[in-house]
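Student: Chain by chain, the residues run as shown.
10 protein chains.
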Amino acid sequence: MLYQVIMTVDLPRDLASEEATRILAQEKAYSQDLQRSGKWRHIWRIAGQYANCSIFDVRDHDELHQILSGLPLFPFMEISVTPLLRHPSAIREDDR
Amino acid sequence: MLYQVIMTVDLPRDLASEEATRILAQEKAYSQDLQRSGKWRHIWRIAGQYANCSIFDVRDHDELHQILSGLPLFPFMEISVTPLLRHPSAIREDDR
Amino acid sequence: MLYQVIMTVDLPRDLASEEATRILAQEKAYSQDLQRSGKWRHIWRIAGQYANCSIFDVRDHDELHQILSGLPLFPFMEISVTPLLRHPSAIREDDR
Amino acid sequence: MLYQVIMTVDLPRDLASEEATRILAQEKAYSQDLQRSGKWRHIWRIAGQYANCSIFDVRDHDELHQILSGLPLFPFMEISVTPLLRHPSAIREDDR
Amino acid sequence: MLYQVIMTVDLPRDLASEEATRILAQEKAYSQDLQRSGKWRHIWRIAGQYANCSIFDVRDHDELHQILSGLPLFPFMEISVTPLLRHPSAIREDDR
Amino acid sequence: MLYQVIMTVDLPRDLASEEATRILAQEKAYSQDLQRSGKWRHIWRIAGQYANCSIFDVRDHDELHQILSGLPLFPFMEISVTPLLRHPSAIREDDR
Amino acid sequence: MLYQVIMTVDLPRDLASEEATRILAQEKAYSQDLQRSGKWRHIWRIAGQYANCSIFDVRDHDELHQILSGLPLFPFMEISVTPLLRHPSAIREDDR
Amino acid sequence: MLYQVIMTVDLPRDLASEEATRILAQEKAYSQDLQRSGKWRHIWRIAGQYANCSIFDVRDHDELHQILSGLPLFPFMEISVTPLLRHPSAIREDDR
Amino acid sequence: MLYQVIMTVDLPRDLASEEATRILAQEKAYSQDLQRSGKWRHIWRIAGQYANCSIFDVRDHDELHQILSGLPLFPFMEISVTPLLRHPSAIREDDR
Amino acid sequence: MLYQVIMTVDLPRDLASEEATRILAQEKAYSQDLQRSGKWRHIWRIAGQYANCSIFDVRDHDELHQILSGLPLFPFMEISVTPLLRHPSAIREDDR
Numbered sequence: 267m268l269y270q271v272i273m274t275v276d277l278p279r280d281l282a283s284e285e286a287t288r289i290l291a292q293e294k295a296y297s298q299d300l301q302r303s304g305k306w307r308h309i310w311r312i313a314g315q316y317a318n319c320s321i322f323d324v325r326d327h328d329e330l331h332q333i334l335s336g337l338p339l340f341p342f343m344e345i346s347v348t349p350l351l352r353h354p355s356a357i358r359e360d361d362r
Numbered sequence: 267m268l269y270q271v272i273m274t275v276d277l278p279r280d281l282a283s284e285e286a287t288r289i290l291a292q293e294k295a296y297s298q299d300l301q302r303s304g305k306w307r308h309i310w311r312i313a314g315q316y317a318n319c320s321i322f323d324v325r326d327h328d329e330l331h332q333i334l335s336g337l338p339l340f341p342f343m344e345i346s347v348t349p350l351l352r353h354p355s356a357i358r359e360d361d362r
Numbered sequence: 267m268l269y270q271v272i273m274t275v276d277l278p279r280d281l282a283s284e285e286a287t288r289i290l291a292q293e294k295a296y297s298q299d300l301q302r303s304g305k306w307r308h309i310w311r312i313a314g315q316y317a318n319c320s321i322f323d324v325r326d327h328d329e330l331h332q333i334l335s336g337l338p339l340f341p342f343m344e345i346s347v348t349p350l351l352r353h354p355s356a357i358r359e360d361d362r
Numbered sequence: 267m268l269y270q271v272i273m274t275v276d277l278p279r280d281l282a283s284e285e286a287t288r289i290l291a292q293e294k295a296y297s298q299d300l301q302r303s304g305k306w307r308h309i310w311r312i313a314g315q316y317a318n319c320s321i322f323d324v325r326d327h328d329e330l331h332q333i334l335s336g337l338p339l340f341p342f343m344e345i346s347v348t349p350l351l352r353h354p355s356a357i358r359e360d361d362r
Numbered sequence: 267m268l269y270q271v272i273m274t275v276d277l278p279r280d281l282a283s284e285e286a287t288r289i290l291a292q293e294k295a296y297s298q299d300l301q302r303s304g305k306w307r308h309i310w311r312i313a314g315q316y317a318n319c320s321i322f323d324v325r326d327h328d329e330l331h332q333i334l335s336g337l338p339l340f341p342f343m344e345i346s347v348t349p350l351l352r353h354p355s356a357i358r359e360d361d362r
Numbered sequence: 267m268l269y270q271v272i273m274t275v276d277l278p279r280d281l282a283s284e285e286a287t288r289i290l291a292q293e294k295a296y297s298q299d300l301q302r303s304g305k306w307r308h309i310w311r312i313a314g315q316y317a318n319c320s321i322f323d324v325r326d327h328d329e330l331h332q333i334l335s336g337l338p339l340f341p342f343m344e345i346s347v348t349p350l351l352r353h354p355s356a357i358r359e360d361d362r
Numbered sequence: 267m268l269y270q271v272i273m274t275v276d277l278p279r280d281l282a283s284e285e286a287t288r289i290l291a292q293e294k295a296y297s298q299d300l301q302r303s304g305k306w307r308h309i310w311r312i313a314g315q316y317a318n319c320s321i322f323d324v325r326d327h328d329e330l331h332q333i334l335s336g337l338p339l340f341p342f343m344e345i346s347v348t349p350l351l352r353h354p355s356a357i358r359e360d361d362r
Numbered sequence: 267m268l269y270q271v272i273m274t275v276d277l278p279r280d281l282a283s284e285e286a287t288r289i290l291a292q293e294k295a296y297s298q299d300l301q302r303s304g305k306w307r308h309i310w311r312i313a314g315q316y317a318n319c320s321i322f323d324v325r326d327h328d329e330l331h332q333i334l335s336g337l338p339l340f341p342f343m344e345i346s347v348t349p350l351l352r353h354p355s356a357i358r359e360d361d362r
Numbered sequence: 267m268l269y270q271v272i273m274t275v276d277l278p279r280d281l282a283s284e285e286a287t288r289i290l291a292q293e294k295a296y297s298q299d300l301q302r303s304g305k306w307r308h309i310w311r312i313a314g315q316y317a318n319c320s321i322f323d324v325r326d327h328d329e330l331h332q333i334l335s336g337l338p339l340f341p342f343m344e345i346s347v348t349p350l351l352r353h354p355s356a357i358r359e360d361d362r
Numbered sequence: 267m268l269y270q271v272i273m274t275v276d277l278p279r280d281l282a283s284e285e286a287t288r289i290l291a292q293e294k295a296y297s298q299d300l301q302r303s304g305k306w307r308h309i310w311r312i313a314g315q316y317a318n319c320s321i322f323d324v325r326d327h328d329e330l331h332q333i334l335s336g337l338p339l340f341p342f343m344e345i346s347v348t349p350l351l352r353h354p355s356a357i358r359e360d361d362r
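These protein sequence lines map, in sequence, to chains A, R, V, Z, L, U, H, Y, X and G. Just so we're aligned, residue 267 is where the first sequence starts under the working numbering, counting upward by one. Just so we're aligned, residue 267 is where the second sequence starts under the working numbering, counting upward by one. Just so we're aligned, residue 267 is where the third sequence starts under the working numbering, counting upward by one. Just so we're aligned, residue 267 is where the fourth sequence starts under the working numbering, counting upward by one. Just so we're aligned, residue 267 is where the fifth sequence starts under the working numbering, counting upward by one. Just so we're aligned, residue 267 is where the sixth sequence starts under the working numbering, counting upward by one. Just so we're aligned, residue 267 is where the seventh sequence starts under the working numbering, counting upward by one. Just so we're aligned, residue 267 is where the eighth sequence starts under the working numbering, counting upward by one. Just so we're aligned, residue 267 is where the ninth sequence starts under the working numbering, counting upward by one. Just so we're aligned, residue 267 is where the tenth sequence starts under the working numbering, counting upward by one.
No lab work stands behind these hints: they were computed from the structure. All figures in this text were calculated on a predicted structure; none of them were measured in a lab. All C-beta atoms in this analysis are idealised placements derived from N, C-alpha and C, irrespective of residue type, glycine included. Among the clues, some could well be false.
[Said to hold, decoys possible] Dumping the calculated SDA-like pairs for lysine to any residue here, alpha-carbon to alpha-carbon at most 20 angstroms:
#1 A/LYS294 - G/SER335
#2 A/LYS294 - A/VAL275
#3 U/LYS305 - L/GLY336
#4 G/LYS294 - G/MET267
#5 X/LYS305 - G/ILE357
#6 U/LYS305 - H/ASP328
#7 R/LYS305 - A/GLU359
#8 A/LYS294 - R/GLU344
#9 Y/LYS294 - Y/PRO341
[Unchecked claim] Covered stretches of chain Y (in silico footprint by chain H; criterion: 3 or more residues with CB under 8 angstroms from a CB of chain H, positions within the stretch not fixed):
#10 291 to 298
#11 341 to 354
[Claimed, not checked] Some chain R residues near chain V, calculated using beta-carbon distances under 10 angstroms:
#12 LEU277
#13 ASP280
#14 ALA291
#15 GLN292
#16 ARG307
#17 ARG311
#18 ILE312
#19 GLY314
Sequences and hints are given; from them, build the entire structure.
Tutor: Rendered as structure tokens:
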């Protein structure tokens, strides 16, 4: 099942810089593992924002929530979730 | 260049039903031509809404505007445009 | 899978009264069939509003969208969809 | 009487981690007692959010307020309350 | 139980003037009956608006909804409902 | 003259607990004096919120502002003010 | 007593042009009478809008409402009202 | 040229009380100088708010910005600016 | 003096197509005259919208309002106005 | 390609004053280099705000994001981006 997810990051200023570096490295590894598995289908930067626009392809709401709440940046992000499905005008049966 | 585009349709009730049918058929053909050309990369239905979430891959703002303003449903849609780019954590050089 | 759905109805004033009566009867039958099947788990009136707060328990986004877009009142409603899952503090494994 | 309640948690970063652990354990026990008593009829996690969507079945506004203002997480939550009642299309007399 | 209710009226321009007169007379009688019964405890005009701010004292959500949805102006009003209770600083046990 | 006033409290976490206790006691005394004088006509708790919905009956804007800006909790509250007057459908000449 | 009032006009397109002309002439006369009496202290156009920003100096809420609800354009305006008073830094006792 | 300016003050709690006193005294002197010069034409308190509604009469945008950004409270205020001009219904040529 | 102006067009569906054509031709001529005079310094289309983002360079608010309220499309546009001035980091004294 | 960018600055109070001075000097140099290169085509101050309204003329979204995310003030700004293109009524082929 597909979900569009918008994540906007707001790192607190008093986060120690080594801790920020460590969290961002973990976030990148975490994201890339999920991209490789096919569950985090797309990730794009939104121009001018510390934010991304992503497409997830997961089994159900539970798996999506497990993934999102496990993000190392989760405590520092505002997240919006939109459930998506095949559009009747899509030329592909399985547009992901 | 990539753009996320959200289109929300609001067909007026007094649109004659044959005209609506004709416009919707034109919209579908128009969209599918652009999907085949690769410019309209993705189109998904938003669950529970008469709306779609799409990704466009076009040359520039002009081409995007020409495409969107040429949509047969353009007069009946609210449209929002968000410019996207490669995310530094993306595992692909060219995620579309 | 569970979804909270809020539906707010806005019947146009120029809807002929027999047509309104017919649509509302269809809506009721449509809703009650889905309630009996267990897919429309809960439906409550929101106090003071021509609106309901509902819980759906369906297979996936596609089934939810098929149900919602098939509502006889669909053209006259504003709909919001929120994906829900089991809460870690829930005392039941399967709270529906 | 039924109420839909949305609770969104925002734990301050400077909350000592042991205190957070203690508060969350108290919150869980408090919630589960009320679930067992039937007053906190449903609790669901909202996908991607540190938030829940709940249904309360209590005697009156006073009891609802007493319960909500007594939540160990009350100082760290944004809460919205919506009064609900039986929907005329409900198939059950007593949908809770 | 107490509720604050804000009602904002928007009479459509094409409402025949006799029908408007009739509806407004019915609304006034309906409101005054409820005021006399003590259920519509207070009604005030909001300065500069075609709107009122009211306090209802009714048995439960059902009775409130029955009253509000029965208002002759109900199809022409936007309504917001806020559940109220005794404030701990109130000097009266029963402030209505 | 009548005013509806909504006050929403947001006590900062780093307010020393004795200071909070002292301010809240002052607030209660301040409010009850004004209630006894008839100027603070009604005060109700809003269910589920650290907020109240009040009706003031004062001489003019100046007196209202003097009262509100003198509230011990004034620095910690968001306040909204709505001027009210007699409603033409009110059964009482002097509904307060 | 002073009030800031913002009025935004939205004339319906199907208002017959003679009727619009008549209403606008009445509105102008009505406004100028009140300006001469000192009750409508200031009226300014907001640049680029079919709207005005005004200051009223009237006895009480009732008089303000009587004036505003009597505006020939009242059915075609959105109105917001803000109660004003002397500012402690004002150099005049009686700034109007 | 005329501008309506709304200024809403939010003094941070950790501002030392002597510094706050000094800034507020400077603000008052600064404002009164500009009122005497005729540039700060009106200043009113908004009832119930730590905010003012003002009318400025200055040469151009530059002068307005110089004045506003020079306010001792500028770092602690939210400011909105609305350009005003003579209203065609004004009875005075030069309403300030 | 400089102003940023955003204009969003909403042509009513029942505008006769010849009238629309005539208005749009007038609008274009009107705009181009002002562009040639230097008063309408820039006009850009906003991608995906029936809207423009413009920069005006006029004598004062009056001239701006006269221009905007004289637009043939004025009755069909939503307009927002933002006063601009030289930025202290600008490399040009006179950036228009 | 053209973009309108609105940047609103919010410097935290606890930023050491020398650090603020250094960042602002860097920001100015950074901006002026880009202005000289023609990529930061226009920059204007918004009257009464610690904010600017700018026009960028860059190769694509990537270049825009690289520029904006490299701003020394980037962590302290809220940024909005609007893609612009030639307006059909523009008298210039290449209005920048």
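Student: Tell me the numbers of any earlier hints that the structure contravenes, in ascending order.
Tutor: 3, 4, 8, 14, 15, 16
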